[in-house]
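Taken in order, these protein sequences are the chains called S and E.
Residue 116 in numbering that gives the first Met the number 0 sits at position 117 of the first sequence, with consecutive numbering throughout.
Residue 185 in numbering that gives the first Met the number 0 sits at position 186 of the second sequence, with consecutive numbering throughout.
Calculated directly from the structure, the hints in this document are not laboratory data.
Not one of these hints is a red herring.
Covered stretches of chain S, going by a simulated chain E footprint (3 or more residues, C-beta under 8 Å): (1) 471–484; (2) 614–622; (3) 742–751.
Just so you know, these numbers come straight off a predicted model, no measurement behind them.
Where a beta carbon is used, it is the ideal one built from N, C-alpha and C, also for glycine.
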Amino acid sequence: MQRALFKKLIRDLWHLRGQLAATAVVVACGVASFVSMRSTYASLLETQENYYSEYRFGDVFASLTRAPEGIASRIAAVPGVAAVETRIVSDAILDIPDLREPAQGRIVSIPEIEAPILNDLHLKSGRYIRPGRSDEIIVSAAFAEANGFVPGDSLGAIINGRSRRLNIVGIGLSPEYIYEIRGGDIFPDNKRYGIIWMGRDAAEAAYDMKGAFNDLSLTLAPNASEDQVIDQVDRILKTYGGTGSYGRADQQSYRFISNELSQLRTFGTFLPIVFLGVTAFLLHLVMSRLINTQREQIGLLKAFGYRNTEIGVHFFGLAFISVLGGIILGVLLGIWMGDGMTTMYTDYFRFPILTYHIGIDLLVYSVLITIGSAALGAGSAVRRAVLLPPAEAMRPEAPPSFKPGILETSGLSGYLSPSSRMVARNISRHPLKSMLASLGIAIAAALLFTGFYFYDAIDQIIDIQFRQAIREDAVVNFTKPQTQKARLELADMSGVMGVETFRAVAARLSAEHYSKKSAIIGVESEPDLHRIVDQNSQVRIVSPHGLALSRALANRLGVSKGSFVTVEVLEGRRPVKRVEVTSIIDELMGMNAYMNIRTLNRLMDEDDIISGAYLRVDSRGEDGLYDKLKRIPSISGVGMPKAILESFNDTFAKTIGIFTSVLVLFSSAIVFGVVYNAARIALSERGRELASLRVLGFSKREVASILLGEQAVVTLVAVPSGFVLGVVLCATMNNLVDTELMRLPLVFTIRTFLITGVIVTIASAISALLVTLRLRGLDLIAVLKTRE
Amino acid sequence: MKVTKRQWIYIGVGSFVVLLVLWGLFRETPVTVDTGTCKRGPMVVTVDGEGTTRVRQKHTITAPVSGKLFKIKLTEGDRIPHDYPVAEIDPNPPIQREADLNDDLPSPYTAKVFSPADGRVLRVLEKSEGFVAAGTPLVEIGDTDNIEIVVDLLSTDAARVPPGATMLIEDPDRTQQLKGRVRLIESQAITKVSALGVEEQRVNVIGDFLSKTTGYGDNYRVDVRIVIWESGNVLSVPASALFRNGEDWNVFVVEYGRAQPRAVKIGQQNADSAQVLEGLTEGETVILHPSNNLKAGSYVTPR
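Looking at chain E on its own, in the form it has when it is part of the complex (with noise of 0.2 Å):
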């Protein structure tokens, strides 16, 4: 039998639709991903912690003599000059005064207590008249200007400190970042109960404001991130893309459309990137929280 032309164009249409068909039904689907690049650029590692503000110059006046305080008419928040009187104590009290007489007239006996320094009324601790003995704390003092940051890590967390590190003191409701500077770590640590019920050790780094702040006062949150490692220019993969092989590191790139797994080195890594020490390349594409759907090999287009 011989096969016409127009039968030859049949036979042609008809496999070209039934291989489209086949390729349709039986085609590599790909996986939609989400990517990001490897790329240069500066990177922060640090240590985050919770800390407090702390007046670093706080006075306590406490009471000289025994005797009678009058009230003490300061209150919280006031500032006051170097030797302000701060307060007045009458050692001999009389027992009974006799009325109506000369009572607005400060007793010539009585001893006053004058402000050792500059500053704020941080707390009125004797807020009544009455009966003091010698020693009792009246007053606290402190310059709300001059404050530092006391951070409380964990000890092998502060270990990795550098001193003089950099402070990052964070405030979503600034537009400007403050900045610090790490002055001391203590070398005592403490035994602290965690958040979570976990007993654990605790240092204290304290560093300074390194710009004038205003805003905070005494004892006020900071979230406070240390900066331990620092580069201004840095291999890095976003650290969503590493996911272990046995003990590697590994990330998909995305090859002409294919994933491919690859090991790489990682160098140092903090919340939102690694740096890649070996395996890729700046500018490759690497795919981010790579799921278990994905196999080397796998076409994937980014979404």
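One chain only, chain S, in its complex shape (with noise of 0.2 Å):
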């Protein structure tokens, strides 16, 4: 009994061999897209938490004017604090040999001698400082990558307005700069911008800090509050300069993670499950169908004593052999990818080692998972199967009521020719199923056009970010906040073309129970060069009263426009003052505070005062005027936006690019899998009536023309549809992508649409084709000998 029902899942498998593999590839797509991210996501997060219990990553940060060292046992002191480490952190301008531009170093105190300190370094290659040696430095990795570095080079620097010669001796790693990127930035621009190591006494001579510290860190003891911690410290810090703590929600490389952590983790639940759904759908449309032309089958077996059961494994076993295969190359393919995705990830995050590894759980996870939805899909179709009662199986199917339908009704008819209105006829009688079929190859359409949705927002950042935001050729940090003098006098210098300045003002911004540590940028009336564009690409002008505030900012503060907000300015007088949100501003990046920057000025009771400047750059002048910048004291950085947009374009855009070129070639398969299924379906179902249609003397043209025309009015049907699933499947993945770092906007152009379109018509040609050849071989006689 046993061996026949096994002859019969052979014979089916053989015979379904096409839609079968059809489906495994769909669940391969899902499966492998499912454990590549979520074995990334695993292997990234772990690494993450072990480097940073092991090179004990602080809790808690602050930034201060001066504070002399004894102010650290009072803040060791504060309950819930485990440890404290104080240190010199400072920005330089650096001269690096064969950089024409000026970079920028951040310069972070280590002490003289090696010791365990929280925020530990990790010596990649080199040696450790040593002590007494002020010119030693240790930089960190994808600094010294991207210059070319190795211990033994040296490079200028001006510290503390005197210039100065460093050695490198280490290239060194730490949990604070695990994504290193300047303060404000959002891409890293590894050339310009590196942490610099150096010995505490060297640090409190070249920043005149002798016994002093100007920056601090500290660990958490279990249970401890963060928030209380935090005001009291703050407390502490006041007198002397401190711009406000914060936990490491807000330092900066730990958010840049996290924020890409839980991108990999939505991504990675998102597109399995609808993968997995895909999978579901396309297994409930072959069962589903197989069984009705089995009907007779399944009636004959009941009849010979087959128990339900019996039948009902049978029939899942069909289902489970096609996911099975699939699940086996989409676990191989997955680790395969998840593997490749990690190293990428290398590229940006540094980690000491960053190793790929796959879980025995994840494994078990994504067969249970697949299994399961392939049962849900397979389920209802099978049930049907056992539950048919066998006298009514061995009868034909109850033909469909062949009354006159719209098409007849509304005269239509006369219009069309025999096999047109056959085509619509069947349609018509079936809406349902056509429907599904539709909707199958609508959803799979819908995926893809998804896939190329990602390349038009990444276009629109950059258009938005690069081009009509940034239009500036560098960006100029002074080290203290200057008077307009400082604006006339880069206005001087040979090569600059225009300048715009800006003001950055710390402060606490709070509404009601919600507060965020935020920098407060003042800006320009009429700004022509670093302008604000929303996502919608209009340029924004701050109005000169008020507070306009990014959307990402005001949700987290919990205000509209027109509420008030308490500013808390951190530095200078340190005033308080609520201020009315004039503009809420969609921005795309980060979460932004804006003032007019004569307002700011006057709320923090200052006169014009800049915190640096936007030039534009005449490009003849470009070398002398870099030159110079390199040597001016006041400075403590100059950005260079062109530079940071390369290095998106060489790093993010192509990781970009690799994992939507994966979702479109996922969603291509998936395409043509649902597509080449809904067709060979049809041909099985309609194998009867096609025969007989050509024994009436119908040429084979005009019956494959009958078979392919209700195929392509199926999928003419779903190219539409899916477009609108698509842009309701992109408007959700924005929700689920839109933080408080990036959000996507939500523009499509005509590209996207034509090419999913032609996409579907070209797997739709191809299914045709493969069933015409099948509709050529098909013997009349075998076909029409079936049943009665």
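Starting from the two chains in their separate frames, assemble the complex, guided by the hints.
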């Protein structure tokens, strides 16, 4: 008994090989996406957590102007503080041989003699600094790599107004700077920004900080409240010019990594759900149609005494064998991709070791959910087979009602050829069946659409951020606020064609019980170089009254236009004022607070002070200008937006490109799988009718056109529905990736619509071709002999 | 096989759709750009500086004799006429006065100091009663209605300022722009350390307000723009349209919807616009802040 069923299983498998293989491919895509993203996520997360605990990453960070070392013990005495590390942190202009533009180094002090500290260094190569050697430094790995530094190289720096020569003795990594990025930037420029670790004595001498510090990091005792510690620490540091302490959530490197991780987790959940949903749907389609065509066989089997469970197991087995094939393929593909993705992450996240590994639990989990979704898809069809009474099954299915449909009543039928009429009738008599087939193709098209959407979104981000908003050639930051004289001085330099200034003030914004530490950027009234552009490409002018907040910040503070926000300035005279929110800006990047520069300076009760300037540079005078900027003591750094765009294109855009290509490839496979399946099923259902038509004298071409015409109509309906679904899918995805760092603009180009349409059409054409070939080989007698 | 009329229609419609899709896929997507126009109008080139106001005539009243200075009853800001008695000094103060005797009467021997001019009290340098030596500065007075502007410019900028140049005094809070005129460019430059910490040569340029000023006192900050070139009818383009091609200035001109690079000769230039000597005619549209995705012949759509 079992052997007969087994034989049938093997035969069915062979008979349905095309459709089942197509299903297996879809399963493989879903599993691969799940396994690769989840395993990369798990690997990164574990590496990050291990790194943080092994190298004692701080929990709270604070910067201040200057405090005597004795204050450290007062902070250590704050309840909830486990350990405190004080240091000197400051930015310096660097002159790197072979680099035309000035670079910026973040100088961080380390103990003269190597000792375990918070945010400990991991030496990648070279050695630790020697005590008393004030010229010896350790540089960060990404910076060293981008500039080709090896221990033994040296670079020039302007430290506290004095020109110095620094010798690199080691290349290091720190949990504080896993993602090395200049404050306020979104993308790294490793060539022009790096971390420089210098002996504490050398740093104290260089910055006139003998026995003092200007930055600290601390770890919390278990169960300590971060908020309470921050409050206490802020109270102590207030008199020393503290600019507000903050937890890990606001630590730049940590923020970027957690953001990336959460995105990875989101995509690793969302995409597999969609893929597996399509799998379930596809299996449902295949199985229910298969069971329909095998009605009489089922009846026969039952009549011969096969039990319902055996029938059920048989059909489930059929479904699972293809799913199993897909799982194996998907897991292998997923591991390969996950390994690649993890390696890709090492390009921007610097861990001492980042190894890719995949947990057994993840594999089990992926098998279970795939089988689960397959069972869900095949379930109802198999249930129908199981419940089918043998006597009824042996009877042919009740003929559908042949009363006049819409086609006949509307009188349109006269305009159509006989074969077109047949196509129209078939569709209108099985509306649900046709709709389901359409829906399957539409979902696949929607996935493809989403893949192409990512290209559009990235293009739009680049266009808005780097062509419309940021148009300056260089951003100059001053070591301390300057008067308007600094602006005039920059404007007077040869090579400078335009100057725009800004003010940045550290502040804590709060509304009701929400609070966020954020810089307030004072912007010019009508900027031309550096503008604020929202996601709809609208240039936003900051009104001379009140505060303009980016949407993400407004949401975080729970405020809307017209609300009042308490601004607690953390520098200068430290004014605390209530300011009205006069506009909310839908920005693509960051959480920003803007004010008119004059209004901000009035709020600070200061003259027309500036923190830095945006420059437009004449490319002919560039070399001379950058050379000059390298030697100006009051400049702490020069940013190059164009270099950042380049690094964006080199790293991020490439990564996103690979990710998107995989998505497009998978979606294309799914499109093909669905379309091909739909066509094949139609063929097996219609086999008898089509054969009869052939016997009645229809030509092969006419018969093919009836079958394919129906498929064409189904596809034609599916494509626009796919667009609609795609837009919905993109919008959903958009909400999922809407983070405080970046949002994706919801833009669709005509190209995305067209490519999606063309790929679906091509998939349909190939399927049609395969089906036509099969139709030609149809054995008329054999087909007509069955039944009755 | 004969192709029927109906089939011809299918073929026609089909190829049309295919062509349309191909065009949609492979057509050049226009670059969205900001544009400006090359136009005629007035143009001003300035040298900008941060200056201070200065009371032209300042008098420091000093003690004519050593002796005991009685408390000066003036306060800063008081307006005093010419010959107003500013202070009194008793050159021979008794060591010990007899108590309660004619105490309110001025000593017959006191020396009175008079104001040499009309004006306002700028500073009272000796606020309290006490012994002063001859020559000690007591009060500074000056006419705040009669003030001049002093701007220290880089010597290279000062050399470009013609005598008698117009000065525009910037004050965003005022509706009317104040004007002044350069009177003197000092011939001695001094070495100063700039705001950003660089040594440079600075020259004082002194000018007068052309209209009556209110609200300015002595040593107030003023932002000054000195006009070094001016013309009422200049062909100019926005400065942000310019970019370098080797040594030459180029602009992207929008011609029939396409961006075409064109070499231009530029004359005078200020922060906003540049005078066009050759290469452009009035009314032509140029692309502002041309980005790197723009090439010769790119299709563009003005934003």
